[in-house]
Amino acid sequence: MIFREQNVRRSFSQARLVGAGLLDLGLRPGDRVGVWGNNYYEWVLMQFATAMAGLVQVNINPAYKPEELTFALKKVGVRCIVTPKQHKHCTFIKDLVETVPEIALGRPGIGRVHTYKLPEFEHVIVVGEKNPIPGAWQFNDLINGVGSDAKRLLEETENRVRPDDPVNIQFTSGTTGFPKAATLTHHNVVNNGYFIGLRTGWNKQFNRLCLPNPLYHCFGCVIGVMNAVNHGQTCVFPSQSYDPVKVLEAIEMEKCTFLYGTPTMFIDVLSRLDEKKFDVSSLKGAFMAGAPCPQALCEKLVNDINAKDIYILYGTTELSPVVSMSETEKDAFDRIKSVGTALPHVELLIVDENGVAVKRGEKGELWARGYMTMLGYYNDEEKTRKEISSDRWYRTG
1 MIFREQNVRR SFSQARLVGA GLLDLGLRPG DRVGVWGNNY YEWVLMQFAT
51 AMAGLVQVNI NPAYKPEELT FALKKVGVRC IVTPKQHKHC TFIKDLVETV
101 PEIALGRPGI GRVHTYKLPE FEHVIVVGEK NPIPGAWQFN DLINGVGSDA
151 KRLLEETENR VRPDDPVNIQ FTSGTTGFPK AATLTHHNVV NNGYFIGLRT
201 GWNKQFNRLC LPNPLYHCFG CVIGVMNAVN HGQTCVFPSQ SYDPVKVLEA
251 IEMEKCTFLY GTPTMFIDVL SRLDEKKFDV SSLKGAFMAG APCPQALCEK
301 LVNDINAKDI YILYGTTELS PVVSMSETEK DAFDRIKSVG TALPHVELLI
351 VDENGVAVKR GEKGELWARG YMTMLGYYND EEKTRKEISS DRWYRTG
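Under our numbering, read the sequence shown as residues 1 to 397, first letter to last.
The following label-pair restraints were derived from C-beta to C-beta distances:
id : residue 1 : residue 2 : range
1  : 149       : 350       : 49 to 57 Å
2  : 397       : 327       : 19 to 27 Å
3  : 66        : 294       : 34 to 42 Å
4  : 274       : 391       : 51 to 59 Å
The set of hints was computed from the structure by calculation and includes no laboratory data.
We put the beta carbon where it would ideally sit given N, CA and C, even for glycine.
Using the sequences plus the hints, can you model the full thing?
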């Protein structure tokens, strides 16, 4: 992972210390830990630390304002939140204090909080600050203060973690109201990352992946990080928040071979290509999702930067997220015409308005079933039953 030239051995060791530190605070398996902010190294550490400690990481959109943050913290009963103080226009601690005013009354460097507004909320951990902040633990202190008892507790806890335990909660888009909290398991995200990389043949080749996508989204933390970790690839994070020039600088400096993004992001990056005559000759492919890839964009990727190995992916947050993607046997221009075929061990079904399978070639609603289907929406059985049938088919809508 390229944040500060970290290697897997060091990152894994640090993640273990973080996991032990979280347990040392009194958190226990099943507790929800919010991670709020843009792309930063500690975000990735938290992804693995919470998994090791049997905790459930809650991905929180850095664009959330106090009202949305309050909803997220209350909806899933977050006990602890990890966040930087601020990044550019995002004032995380300020907004958190507006949500939980009791934080400001705390002692510097002590992050234990009690508030009637959020009865389960208890800890604030701030990332990247040298000086103590009132009402917040320092992330580095969490690592440096870990003792032998906490390390032993982590080992004991790891032995009790099971594949079908929840590991991650991601909020889906709330276009018709507040977001829903999709609950994903170890089995969901580890396998999805594995089979994505298997489809591309990354189990047999090494790549350097440029990941400008936000980590709070499945595209970043599963299609990106879990895919890379499963297959020994290097992740390069160009900047904490999306910046097309930083993306191009990262590709040139780190010799990235694959670029991740939505079609809009690719169009944006390509439009800046000639500003400084960036050398992107190392690129050979792209991972694209979120919208159809226009023919003109495919032509520019293939002809202008030689990114011929283009993969189109389809899925939803509730499906961990990918259920289908391009096949390697087809060229780029054929790949962009569809969302590919089902990944291994994924069932796809197209049904009519009565839930009956349609004939080949007929239109209908796509249903999906397999290892990747979420446990359900956190603390919301009614919405879960609406989206997932009794025989575990997820209705994509």
